[in-house]
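Undergrad: Work out the full structure, taking the sequences as your base and the hints as a guide.
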Amino acid sequence: MKARILIRPKQGILDPQGQTVERALPALGFSGISEVSVGRLVELEVDDPAQLEDLCERLLANPLIEDFEIQLPEG
Amino acid sequence: MRIGVVRFPGSCDEADAIAAASAVAEAELLWHGRTDLDGVDAVVVPGGFSYGDYLRPGAIARYSPVMTAVAAFAADGGPVLGICNGFQVLCEAGLLPGALLPNNSLRFICRQVDLTVERTTTPWTAACEAGEQLSIPSKHANGRWYADDQTLAQIEANGQVVFRYAPGQNPNGSLADIAGVCSEQGNVVGLMPHPEHAVDLLTGSADGLKLFASVLEEGSSVPVS
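Protein chains in written order, with numbering that gives the first Met the number 0: chain Z, 0 to 74; chain A, 0 to 224.
These aren't lab readings, by the way, just hints derived from the structure by calculation. Check the hints yourself; a few may be wrong.
As the list claims (entries may be wrong) - Derived pair list, reagent style DMTMM-like, types lysine to aspartate or glutamate, alpha-carbon separation capped at 20 Å:
#1 Z:Lys9 with Z:Asp53
#2 Z:Lys1 with Z:Asp53
#3 Z:Lys9 with A:Asp147
#4 Z:Lys9 with Z:Glu21
#5 Z:Lys9 with A:Asp148
#6 A:Lys138 with A:Asp206
As the list claims (entries may be wrong) - Now the in silico label distances, taken between C-beta atoms and shown as ranges:
#7 Z:Pro25 with A:Gly93: 21 to 29 Å
#8 Z:Asp47 with A:Thr150: 44 to 52 Å
#9 Z:Leu13 with A:Glu131: 26 to 34 Å
#10 Z:Ile32 with A:Gly130: 41 to 49 Å
#11 Z:Met0 with A:Pro8: 30 to 38 Å
#12 Z:Ser33 with A:Arg106: 47 to 55 Å
Cβ atoms here follow ideal geometry from the backbone N, Cα and C, with glycine treated the same way.
TA: Dropping the structure here:
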């Protein structure tokens, strides 16, 4: 099955990438947008999704600085 | 004494590390695919962009076959020095505390910085004086050292901060101006700036040689922390 893994900077850790994107918005005419945060998306095909948690902790995310969320197709 | 310098695909400072190590000892390259360290007495994990820095700097290199041998060597008290990307690899491997995040400025910074030596009881700083300042070049995009509050308090209390950027010279937003840390035992040291690029006055400073002279002085003995 296809799985998606969302990896985000942990709350409270300075995210200069998100800040930089946010600062660019007014010049483009966007308003009312705040708390921009930039993470990573990993998509993969997996036979046994039970192993994804371990994969995320050991490789795809660094638990010291990142949170991850595994999304599997519904049903 | 023989110093081994690990080479990953994407390393780029291993030649300078070999040259710096050769100034004090014999030096040899250790290809990342090997599973032993060829009996060397000390290991340098050099700078560069191992595996293209894909995913996160050091995230893939830490699973290279040679890193299992480096971890075992470190657990036995062997001296290991991680420089820049090597520091990132050692943090990812859990051999050093914390993690390296993108610089606050999001820019690749390349400049000479002064480092204050905070701890001299490591095999890589034994030849330095406590509080001494070393002039060392720094060049990286992901050098912002970070740890959570509890870890930071712990490593400060344990004396695991080895180098700090001199006041006002923190180039990347590292917590507490930390430029380099060591393992609990003290035998594994990592830092973002590049001592191997500061080994000849022709390029402005030879202060980096002190790290390599330290390991020669210490031999492979484990410092008492």
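Undergrad: Of the hints stated earlier, which fail here?
TA: Numbers 7, 8 and 12, in rising order.
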